[in-house]
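Number of protein chains: 2
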Amino acid sequence: MKKLATALALGALTLAARADEGMWTFNAFPKQKVAAAYGVTVTDAWLDHVRLSSVRLAQGCSASFVSGQGLVMTNHHCVEACLEQLSTAERNYIAQGFYAKTLAEEVRCPVLEVNQLVEIRDVTERMKKATAGLSGQAFNDAKKAESGKIEEECQTSPALRCNVVSLYHGGIYDLYKYRRYQDVRIVFAPEFAIAFFGGDPDNFMFPRYDLDVSFVRVYEEGKPLQAKDFLRFSRSGPRAGELVFVAGNPGGTSRRLTVAELRYERDILLPERIARLSELRGALVEFQNRGPEEKRVSQGLLFGVENSLKAFKGRREALVDREFFASKVEEEEAFRKKLRGDPKDGPAALAAYGAIEQAEDLRKSVRFELADVMGSAGFMTDYFGIARTLVRGAEERQKPNGVRLEEFQEAQLPAVTHRLFSPAPIYPEFEIFKLTWSLTKLREDLGPDHPFVKKALGAEAPAELAARLVNGTKLKDVELRKKLWEGGAQAVGASDDPMIAFARLVDPDSRAVRKMYERDIDSVVTKGSEAIAQARFALEGTSNYPDATFTPRITYGTVAGWQEGKREVPPFTEMQGAFERASGRDPFALPKSWLEAKGRLDLKTPFDFSATTDIIGGNSGSPVVDAEARVVGLVFDGNIWSLGGDYGFDPKLNRTVAVDTAAIAEALGKIYGASRVLDELAPVK
Amino acid sequence: MKKLATALALGALTLAARADEGMWTFNAFPKQKVAAAYGVTVTDAWLDHVRLSSVRLAQGCSASFVSGQGLVMTNHHCVEACLEQLSTAERNYIAQGFYAKTLAEEVRCPVLEVNQLVEIRDVTERMKKATAGLSGQAFNDAKKAESGKIEEECQTSPALRCNVVSLYHGGIYDLYKYRRYQDVRIVFAPEFAIAFFGGDPDNFMFPRYDLDVSFVRVYEEGKPLQAKDFLRFSRSGPRAGELVFVAGNPGGTSRRLTVAELRYERDILLPERIARLSELRGALVEFQNRGPEEKRVSQGLLFGVENSLKAFKGRREALVDREFFASKVEEEEAFRKKLRGDPKDGPAALAAYGAIEQAEDLRKSVRFELADVMGSAGFMTDYFGIARTLVRGAEERQKPNGVRLEEFQEAQLPAVTHRLFSPAPIYPEFEIFKLTWSLTKLREDLGPDHPFVKKALGAEAPAELAARLVNGTKLKDVELRKKLWEGGAQAVGASDDPMIAFARLVDPDSRAVRKMYERDIDSVVTKGSEAIAQARFALEGTSNYPDATFTPRITYGTVAGWQEGKREVPPFTEMQGAFERASGRDPFALPKSWLEAKGRLDLKTPFDFSATTDIIGGNSGSPVVDAEARVVGLVFDGNIWSLGGDYGFDPKLNRTVAVDTAAIAEALGKIYGASRVLDELAPVK
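Here the protein sequences come in this chain order: A and B.
Per the numbering used here, residue 1 is the first one in the first sequence, and the count goes up by one each step.
Per the numbering used here, residue 1001 is the first one in the second sequence, and the count goes up by one each step.
It is possible that part of the hints are untrue.
What the hints assert, rightly or not - Calculated pairs, PhoX-like style, for lysine-lysine (alpha carbon to alpha carbon, straight line, at most 25 angstroms):
1. A:K441 to B:K1515
2. B:K1515 to A:K454
3. B:K1566 to A:K566
What the hints assert, rightly or not - If you want the ones that stay clear, here's a sample from chain B, every Cβ over 12 angstroms from chain A, calculated:
4. E1153
5. R1266
6. A1283
7. A1489
What the hints assert, rightly or not - Derived Cβ-Cβ restraints for the label pairs, each shown as a range:
8. A:N289 to B:K1592: 29 to 37 angstroms
9. B:L1595 to A:N471: 38 to 46 angstroms
10. B:G1354 to A:G375: 42 to 50 angstroms
11. A:S365 to B:D1586: 39 to 47 angstroms
Treat the hints as calculated values from the structure; they're not laboratory data.
Bear in mind that the values here come from a model prediction, so they are computed numbers and not experimental data.
We put the beta carbon where it would ideally sit given N, CA and C, even for glycine.
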């Protein structure tokens, strides 16, 4: 019945879907549009409830409260790092899954942080005033100082996280105030084999058969959080054609970039990132062949690399589409034409296009310095991250808040120390592998005669230096990190730890490049984008949504498949399909638990589904809710066409991919015997 | 003194160099231009002598006769495959070098083939007549049949190699008749560490300190070839500013491509190749960490991958240069404008631009099928190459010559069997590694549900299938290959060798895609390019040189450095520089022989030099000769700017990089005690 229902729904959808584009902020949701298109009234109370029920995982995912005892539902791939960190050679939670039969068995994740958006305040005027008439370094400094001040004023406790968020590329500045939770414990996760059934070949594809779900619990003062707002759980999932909403944190989109910026992405950023990640992937896959333990400890990084790779390839595919790129060029031409008739904001905006193009040219010419000297692409080991945080933290914390590097301003410190003092395990062999690899790339990018390369490598070969630093450092010891952090500049300066010494050695160069970057590139693009945004507001109003910025957004659409050439892709799969697709070989091997439970399952249970909602990376773990704010699905992916969504939403092809809550209930009950979790999920009233 | 000489020379050069562009055919060398610019008369006898003294290595390099006893000088990296094939775990000629102290110790290379161009004949009229009025498959078939016929008529003995060569993208068809030599023996090669000092970091860079030289000897009927034409050897090398010529076989350039073709290279071909090779490189470097034997057997492939990678990156860099690409667009626009005023050839040429653009769009949409189904990118193992040759060879040789696949036409068979029956070693572990990798990429490119992927993989995982095929095949046995080749269709069809069975399984799909490719893409582009070339000839004459096609060419220029930003790069390095650059760590470690000989050397001996000659990949091993046809250098590289030379020659920056013959003489005599070779080199009269 489902297939037919969809076929009928599709025809009707085509026009409606066109209007469904948009990653809306919770305080500017287009209620009238939804009412007009669907006859559904979205109230402010509904929006508040959904916002407070939805959370962000600070490490880069979305999630939602699904019980009054702090139970949070997200993707398996959003807690994979936690599972990896809690695993050992003997006890592999990635391979075997995890289930805490009792509350006492729930285990704290070393790094997870949950953020709940409790308040939004407009601070545009304050920000504009602070930067009025400034440019270059002065513009950047003033912006940083003012946002630091606003955040510091807001953040009256480490339990809060305050961020000044730039929306519409600086058209609006909002202060986002989050409730921060750092005690997050793992409750349930299925086996990797079913969470990511089909693996990289099926990633960003649909039809799919993945149970990419996990549950964690937020604790407050050692006890489960009493959550006032949470989503009720539908055991039957959504219907084809049904209006649904996705609340989550899309990481970033580039729909409003200038053509100069898009060209940089198309010609430089994306192809070079893809090549670099491809090389790392090749090395990692071979590293895993060293043995099962090497495979286990590098699994998370490999997943991340492959996931990014596929996403970047999809984005590139959109930009090298001749017609699509030409449409972006035309769009900009048309807007610039309008600007030429706008004596107030036009001249500044037109000048901004030229300034941005120049900045992009500069970015191109110094891109390796930006990645390898300013960033730390050349030093890919957790130890270097720790060492740099200690070295910089010590120096920065001596300064007044407003002039510090942004990531060491007061409002950021709780997140910094949460990561810094994490007991997550670190494996020397893998660290040496990563550092050797990245030092080799550093030398390749800049050339062996670059002064920075000579300084970093000295007379040593990359593998030599990597082994010396990793084997010599004592930073595995969390207590030592605490001592150095608390000891400040004196303690860090006196340390003879080789990784600390190395971080000290390379830091001045890194800071110098960063200064140049902020002065000559970042501030130019930011200021230019603001000028363009301002002119756009004046000409077109603010009825549109801003580019995504990894802040809470809500999007709406319907449960629907799509037309792939001549083939129609239906919006639902069933559990049965997983058994049909299984070949017994990784990544198409079902776990034992599934093979054993097969007879007990209702194989017609809807498994995964697709919807027209407008999402992007960062939305992983987002709840799909119906008009009554009941969770009916769990976003875990988009189809291949969703990747071009970075640059524009194509309603005909772009689809969200989600796990059906019906499948989650079926699996928890009949496969995993996880009645404690299933029973806790508040049933739909 | 040298530095000063160059500084003076440079100013004078700038204008002259602009005229030095061009990879000229030997029968259309611009003698007047050279006479006008340099006051040097190049005679036909001189050109014939240099052409006959220069040779092509069929595997992809250039070289030259340097004695009357068949001694041939080329690069170390041109015989690296031979050295690898002759090495064993115990006797590593790559690491240790090779020197045959007596004629008897010279060892035959398993695959090397030397080609000497003895005659050029214009066959344009015959080719045009054969294809007149045809298009698509018919055009392609007629072209193939006619060139096959011409080649067969020409090739009266297996010692000849006849190729119909398309020049100016089909503007001219010439028959190139080569004398073919397949008994080629290794005489001398230095250690890899000095042949490729600086390794990948220094590749395509200058200043350089590489002794990238080797000597082989051509044998005829078991005896050293009595070579009538050979180059005399200068022990002092060239002077800065001196007029020099490079005779060699540039592999391919794209200077006359349409914008649609260039856009395909910029947006699709280059970035995707770079990403794929990067991944392979990452995997290979890690594969080498398995052990010294794995490192040894995979060294050649890794070098090839890294070399291609750097070359592709350089080419991409040229195409993503906004101004450069814009100049290509403008150039084409200007030419199309001219065409609109040309009633004779204009309409066909203008239509060709549209047809080529459509063909490029089609190429984009089927590119993975082209690479993985038609080509054999998905089956990267020597065994598959052998199996496919046997399967196809058996089928094709039953057909009349004119309708065979081109590579199995009569004229090609001596080269085919030379490779097929080569005793070069094959290492199972490495073959499994390569085949696993490429099968994984095949599945990734086409997706696990593609019918071809299902057919090729069946229910097996890539690693499983790879191991089964490689461990099961008996094709290591050269006698078995000969039996199957001679047994033809019946023997091959009856074989139960798993690799043969696999090649039989996938061949129909591969042939079907190839048919589509030839009909809808290749013939459209070829015919379109011919139409454009014809119009160009009519409008602009044939005073220009054709794009490179791995056929013998001659280019001229001067020994000169260049201006790199504010820094002036002098044209010569000295042997001393190698000792200064050496860090003792690979790839900057000098071999023991050099460290021991240091005291005996004249450290002021010029080592490597740069010149303004117009070369590209394939020119490796080319002799640099002076106006008296004396060899003064050995081309082994270009600078980083030479890589953009694929699309256009920039006389300010593009430089050839060569080993100075003075350094070759110094090293042969004082480091290697290779007096037998040194004495044989005919001194300059």
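Comparing the hints with the structure gives:
1. A:K441 to B:K1515: Between K441 (chain A) and K1515 (chain B) the Cα gap is close to 42 angstroms, so the pair fails against 25 angstroms, i.e. violated.
2. B:K1515 to A:K454: Given that 25 angstroms is the threshold and the Cα spacing comes to 54 angstroms, the pair is violated.
3. B:K1566 to A:K566: 58 angstroms, violated
4. E1153: 45 angstroms, holds
5. R1266: 8 angstroms, violated
6. A1283: 4 angstroms, violated
7. A1489: 34 angstroms, holds
8. A:N289 to B:K1592: 29 to 37 angstroms: 34 angstroms, holds
9. B:L1595 to A:N471: 38 to 46 angstroms: 30 angstroms, violated
10. B:G1354 to A:G375: 42 to 50 angstroms: About 45 angstroms separates the Cβ atoms of G1354 (chain B) and G375 (chain A), which means 42 to 50 angstroms holds.
11. A:S365 to B:D1586: 39 to 47 angstroms: 31 angstroms, violated
The structure does not agree with the numbered hints 1, 2, 3, 5, 6, 9 and 11 stated previously, though it agrees with the rest.
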